[in-house]
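From first to last, the protein sequence lines stand for chains A and B. With the first letter of the first sequence counted as 1, position 219 gets the number 224 in the numbering used here; the numbers rise by one all the way through. With the first letter of the second sequence counted as 1, position 295 gets the number 299 in the numbering used here; the numbers rise by one all the way through.
Every clue listed holds true.
Using C-beta positions, here's what the derived DEER-type ranges look like:
hint, chain 1, residue 1, chain 2, residue 2, range
1, A, 248, B, 225, 50 to 58 angstroms
2, B, 228, A, 9, 46 to 54 angstroms
3, A, 204, B, 133, 35 to 43 angstroms
4, A, 186, B, 189, 53 to 61 angstroms
5, A, 156, B, 134, 32 to 40 angstroms
6, A, 171, B, 187, 44 to 52 angstroms
7, B, 221, A, 190, 44 to 52 angstroms
8, A, 8, B, 236, 54 to 62 angstroms
9, A, 47, B, 229, 31 to 39 angstroms
10, B, 237, A, 19, 39 to 47 angstroms
11, B, 322, A, 25, 55 to 63 angstroms
12, B, 232, A, 19, 34 to 42 angstroms
13, B, 295, A, 19, 52 to 60 angstroms
Below are the BS3-like pairs computed for lysine-lysine, each with C-alpha atoms no more than 30 angstroms apart in a straight line:
hint, chain 1, residue 1, chain 2, residue 2
14, A, 201, B, 206
15, A, 201, B, 211
16, B, 206, A, 193
17, B, 206, A, 14
18, B, 206, A, 194
19, A, 48, A, 247
20, B, 206, A, 206
21, A, 14, B, 195
22, A, 193, A, 14
23, A, 206, B, 195
24, B, 211, A, 48
25, B, 295, B, 345
26, A, 198, B, 206
27, A, 48, B, 162
28, A, 48, B, 195
29, B, 269, B, 6
30, B, 211, A, 14
Just so you have them, the derived chain A footprint on chain B, three or more residues with Cβ under 8 angstroms:
hint, stretch
31, 51-58
32, 66-77
33, 90-104
34, 189-201
35, 208-221
In short, the hints are calculated from the structure, not lab data. Since the model is a prediction, treat every value here as computed from it, not as a measurement. We put the beta carbon where it would ideally sit given N, CA and C, even for glycine.
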Amino acid sequence: MHSIYERPKTFIDTATHFCPGCGHGIVLRLIAEIIDAWGIRGKTIGLAPVGCSVLAYNYLDIDMCEAAHGRPPAVATGIKRVHPDHIVFAYQGDGDLAAIGTAEIIHAANRGENITFIFVNNAIYGMTNGQMAPTTLLGQKTATTPSGRDAINYGNPIRVCELLSVLDGTSYLERVSLSSPENIRKTKKALEKGFKTQREKKGFSLIEILSPCPIYWRMDANEAMRYIDEEMSGTFPLGVVKDWESKN
Amino acid sequence: MKQLLTGNEAAAEAAIVAGCRYYYGYPITPQNELINYMSIRMPQVGGIFVQAESEIAAISMVHGSAAAGGRAMTSSSSPGISLKQEGISYLAGSELPCVIVNIQRGGPGLGDISASQADYFQAVKGGGHGDYHTIVLAPSSVQEMADLVYDAFDLADKYRIPVMILGDAQIGQLMEPVEFHKKPKRNIPPKNWALTGAEGRKRNIVKSFYPVKGQLEEFNACLQRKYKAIEEHEVRYEAVNTHKADIVLVAYGTSARICKEVVRKSRRLEFKVGLVRPITLWPFPKEIIRKISERVQCILTVEMSAGQMVEDVRLAVEGRCPVHFYGRTGGGVPTSSEVIKKIVEVVPDNRAVNTLLQLAGVK
Ligand SMILES: Cc1ncc(C[n+]2csc(CCOP(=O)(O)OP(=O)(O)O)c2C)c(N)n1
Ligand code: SF4
Ligand SMILES: [Mg+2]
Chain A
6 MHSIYERPKT FIDTATHFCP GCGHGIVLRL IAEIIDAWGI RGKTIGLAPV GCSVLAYNYL
66 DIDMCEAAHG RPPAVATGIK RVHPDHIVFA YQGDGDLAAI GTAEIIHAAN RGENITFIFV
126 NNAIYGMTNG QMAPTTLLGQ KTATTPSGRD AINYGNPIRV CELLSVLDGT SYLERVSLSS
186 PENIRKTKKA LEKGFKTQRE KKGFSLIEIL SPCPIYWRMD ANEAMRYIDE EMSGTFPLGV
246 VKDWESKN
Chain B
5 MKQLLTGNEA AAEAAIVAGC RYYYGYPITP QNELINYMSI RMPQVGGIFV QAESEIAAIS
65 MVHGSAAAGG RAMTSSSSPG ISLKQEGISY LAGSELPCVI VNIQRGGPGL GDISASQADY
125 FQAVKGGGHG DYHTIVLAPS SVQEMADLVY DAFDLADKYR IPVMILGDAQ IGQLMEPVEF
185 HKKPKRNIPP KNWALTGAEG RKRNIVKSFY PVKGQLEEFN ACLQRKYKAI EEHEVRYEAV
245 NTHKADIVLV AYGTSARICK EVVRKSRRLE FKVGLVRPIT LWPFPKEIIR KISERVQCIL
305 TVEMSAGQMV EDVRLAVEGR CPVHFYGRTG GGVPTSSEVI KKIVEVVPDN RAVNTLLQLA
365 GVK
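Excised from the complex, chain A in its bound form (with noise of 0.2 angstroms):
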């Protein structure tokens, strides 16, 4: 018998730790795919986040190591330092990356790193059950802006990779989301891309994932889905912002 889906080899066999709908298992699942399908499992180190994702490592069967709360880019730096031809990946949350790792992210940008980024966008501070992210809509109610993010007291959503395109350093910048199984599709093709930019010595990566937290927008997996299409990518436009490979 052909078996045309199945459990990728270095996703490990065990329950995560997730809530139901929740977008971080689909994208831990998208990276666990193509390390299978490249057979870069002996070449390639990830770091996990604080967040959410925390136990990414123990999901997926690579080196991983541990990051402080934002410090994600300043480790896989000194990480490639070591092991430039290895792929280097940093997974992180939007707390983690756009707010208190801001300045890890914009330096490592503009460096250049040769290193893949994968930041899963989901507006919310999951972890700590459902805070005010940087990336929070406007209008958003969370555990901390009860009658919705105002942009006078709270300031507006950061579109990190908007943000990061007029680095120099920045070579490939996509944001993809979750919302649909062919949106999934298109979110394992950015990250393909990704690596493909790392192994080609390209630079800097990062992909945004617009990623649904149904648990801390109060909503059941559908409507979760539904919020990306129709409200978060209206902020957060899909689409490529910066790559190396296209002329302009």
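Chain A is fixed; fit chain B with the ligands onto it per the hints.
The following block gives chain B with the ligands in isolation, referenced to the frame of chain A:
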């Protein structure tokens, strides 16, 4: 061949001799000679130099290179070392080897840029969050800076622990002749825990997170056993004239240089002054201080702080003899005359008061 270098440059060169190939820093006075030197030397030896965006990033880069199996170092001065505490705690919790140089300056806050020993507590009590220690080595000359930096890398690898070199602006910026000795390699266990890509083996995970109840307590017990072994095997100090001393001074780094002068000046007297100079501040040389406390009239601790190491001296002495303190802060460096005056003040039976005061230039 001897070279004339500052303590900062000697620390950098010694690191390179010790095989350090990953250096991450951020400028701050009075350690700038170190980062500047590294920016020249690292490319020459095929190593990595990165000027990080902050001390937090620099120590995090050290975290990465150490996890990947490299010999990594960072350096800074007091305010920057405060920023590194997050990373040092993670390194300790992940059992990663690295070397951190702190060329102390005055504090608190922005303080000033002159010599100080006010970061003692931060250095020897852990400094960041959690139950941990780093090995802390305190050089008191440029040569010793070089020797200790070299040893620091071996100790770090041997015990999988961050090692801190605790200097000060004076030790860092002073120029003295120095020689770099490449010592025979110690018995250092292979780094089979390092992240190298899991080619043909089980995956390695470098982490400090133990969310399952009971696991963290178990891990902490392991850490404590390691710390105990270090306390048993790695204590270092220099004892000068302590054998028949009436009073023993305890001082490290720059303060110890001054106290050595006091010991030298008082050598001709009937009244004997000795010195214990801790070289490891953690593990602290408790045993020798305890022994000495049983036979001297009193102990005088001299520091460039408001009184920090003196607490560890008192813990070692456990009331067996009086423990006095003389310190200057905020860039003040004790002079030998000040120390001698303090000796006269604190020694109950002092047959040499007049001569001592003469030595101090008072009479
Ligand atoms: C220095 C520090 N500050 C705060 C925290 C608490 N904390 C853990 S995860 C987190 C936010 C995570 O949010 P995000 O990065 O968006 O990840 P998510 O859980 O949403 O995937 C915070 C504030 C911490 N662990 N360390
Ligand atoms: S809180 Fe949100 S991000 Fe975290 S696991 Fe649950 S659904 Fe996922
Ligand atoms: Mg988040």
